[in-house]
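Q: Quick note, the sequences are listed as chains G and W, same order.
Under the working numbering, the first sequence has 44 at position 44, and the numbering climbs by one with no breaks.
Under the working numbering, the second sequence has 389 at position 389, and the numbering climbs by one with no breaks.
No incorrect hints appear here.
Cβ-to-Cβ under 7 Å is the rule here; a few derived chain W residues that face chain G:
1) Phe-180
2) Gly-181
3) Ile-202
4) Val-203
5) Leu-205
6) Trp-207
7) Val-210
8) Ala-293
9) Tyr-335
10) Gly-336
11) Gly-337
12) Met-340
13) Leu-346
Hints are computed from structural coordinates only; laboratory data are not their basis.
Glycine included, each C-beta is placed from N, C-alpha and C at the ideal position.
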Amino acid sequence: MSAFRRSAFLKLWGMPVLLGMLTASGLVAGLLGDGWWDLAALAGLGLPLLVAVWHIARSA
Amino acid sequence: MSPVSLRRWSWIHKWSSLVCTVFMLLLCLTGLPLIYHHEIGQLLGNEVEAPALTAAQGGAAPPRASLDSVISAGQARYPDKVMMYMSQEADEPALWFLTMGATPTDPKFVSIAVDARTAQYVAEPPIEGGAVMAFIFHLHVDLFAGVPGKLFLGLMGLLLLVAIVSGVVLYAPFMRKLEFGDIRHGRTARLKWLDLHNLLGIVTLVWALVVGATGVVNTLADVLLQYWQATEIAAMVKPYEGQPPPARLASMEQSVARAQALQPGMQVAFIAFPGTPFASAHHYGIYMRGDQALTARLYKPVLVDAGTGQVTDQRTLPWYLTALLLSQPLHFGDYGGAGMQFLWALLDLATIVVLGSGLYLWLKRGRAGAKARTAAALKPAPEPALAREGEPR
Numbered sequence: 001m002s003a004f005r006r007s008a009f010l011k012l013w014g015m016p017v018l019l020g021m022l023t024a025s026g027l028v029a030g031l032l033g034d035g036w037w038d039l040a041a042l043a044g045l046g047l048p049l050l051v052a053v054w055h056i057a058r059s060a
Numbered sequence: 001m002s003p004v005s006l007r008r009w010s011w012i013h014k015w016s017s018l019v020c021t022v023f024m025l026l027l028c029l030t031g032l033p034l035i036y037h038h039e040i041g042q043l044l045g046n047e048v049e050a051p052a053l054t055a056a057q058g059g060a061a062p063p064r065a066s067l068d069s070v071i072s073a074g075q076a077r078y079p080d081k082v083m084m085y086m087s088q089e090a091d092e093p094a095l096w097f098l099t100m101g102a103t104p105t106d107p108k109f110v111s112i113a114v115d116a117r118t119a120q121y122v123a124e125p126p127i128e129g130g131a132v133m134a135f136i137f138h139l140h141v142d143l144f145a146g147v148p149g150k151l152f153l154g155l156m157g158l159l160l161l162v163a164i165v166s167g168v169v170l171y172a173p174f175m176r177k178l179e180f181g182d183i184r185h186g187r188t189a190r191l192k193w194l195d196l197h198n199l200l201g202i203v204t205l206v207w208a209l210v211v212g213a214t215g216v217v218n219t220l221a222d223v224l225l226q227y228w229q230a231t232e233i234a235a236m237v238k239p240y241e242g243q244p245p246p247a248r249l250a251s252m253e254q255s256v257a258r259a260q261a262l263q264p265g266m267q268v269a270f271i272a273f274p275g276t277p278f279a280s281a282h283h284y285g286i287y288m289r290g291d292q293a294l295t296a297r298l299y300k301p302v303l304v305d306a307g308t309g310q311v312t313d314q315r316t317l318p319w320y321l322t323a324l325l326l327s328q329p330l331h332f333g334d335y336g337g338a339g340m341q342f343l344w345a346l347l348d349l350a351t352i353v354v355l356g357s358g359l360y361l362w363l364k365r366g367r368a369g370a371k372a373r374t375a376a377a378l379k380p381a382p383e384p385a386l387a388r389e390g391e392p393r
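The whole structure should be built from the sequences, with the hints applied where relevant.
A: Structure representation (structure tokens):
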């Protein structure tokens, strides 16, 4: 894969993959324990939503 | 993406979504109050709470009544009924919930709450949280059609998974010329909603996949339990074949003490009485759970001879029931406190927007427009003037 193709791929899929991994780790963290684990779960599930809200607010 | 595969994926996305969207909207709308069913139950006064103990009853350590007297309290209230189940919630050790019926498989069972410390009758909570919550619950779970209704919703859930995957495939051609999160205002409403559909769809992707897939697994619960009863429970009670059921039931207090001695550190989640699907005609099925966040979700069944009170078998659950039990919290969102409940509700609302905008995009999509869009998408977008808005580029 050339550098150009790689950067095009990252531009398209970078954020979706990052947000997907955040969500997945949030879902698992909540199952593994309470307390700090629950906070990690909130961060993992909440950050993607914040990103969406930020983009919607930015464009409004 | 080649023209043919773009057309194919568009077709898959359109039809898988169209068929399931109405049901998914129903599931999202009914799921919202179900996320908060405990809180709603408390507001409606349908949640049972353990009464405060008097100074004389209390003391240094909280008292604990014998399980036999807890059962007697239920039988005193319903002398004509037999015990079906008794259960305890992990966060409320002061209450036992007794399920009793005319027979061990009575569909018109009653549910009674008994104080686990004093063996006093507490309340008879409404079945399924009262009429309103029961209505919402059935709309969400089985459309009032029992196991076939569940399996039908499971099929709709599978279509949702197909729609999500095909939506991700289509995300690439639609977003190639855009930055992540771009929402194009000022052209047409359709274009704005297309961008919102893509943004919210890709942001909620993993959550929707997990909640959709675990929902599908939950629709298989009855089938999986029946399979387990026909195989493993049948094997556990094989030695009792041909024997008459015990005339007198052994002490539950002693039976549970023996089960707990074998499984130190585990608590009773629920007990199935002889003749119910979770036991046999000869056994108590005592289902233990762990005390850690993860193990509290998983059950360890211990079979106790209901005549002698001796443990006869204990097993770990097969993988498919472990998968079922682990899929429940991932579907309900009830494992991370109030913050997670709130995020679950927000993600549910975002999914409603994705479903609604998808429907809108389809309604606003003319037949001729669709053809032109596909045709334009196949060209390497030579000049902006030819590019129709909202088509994949």
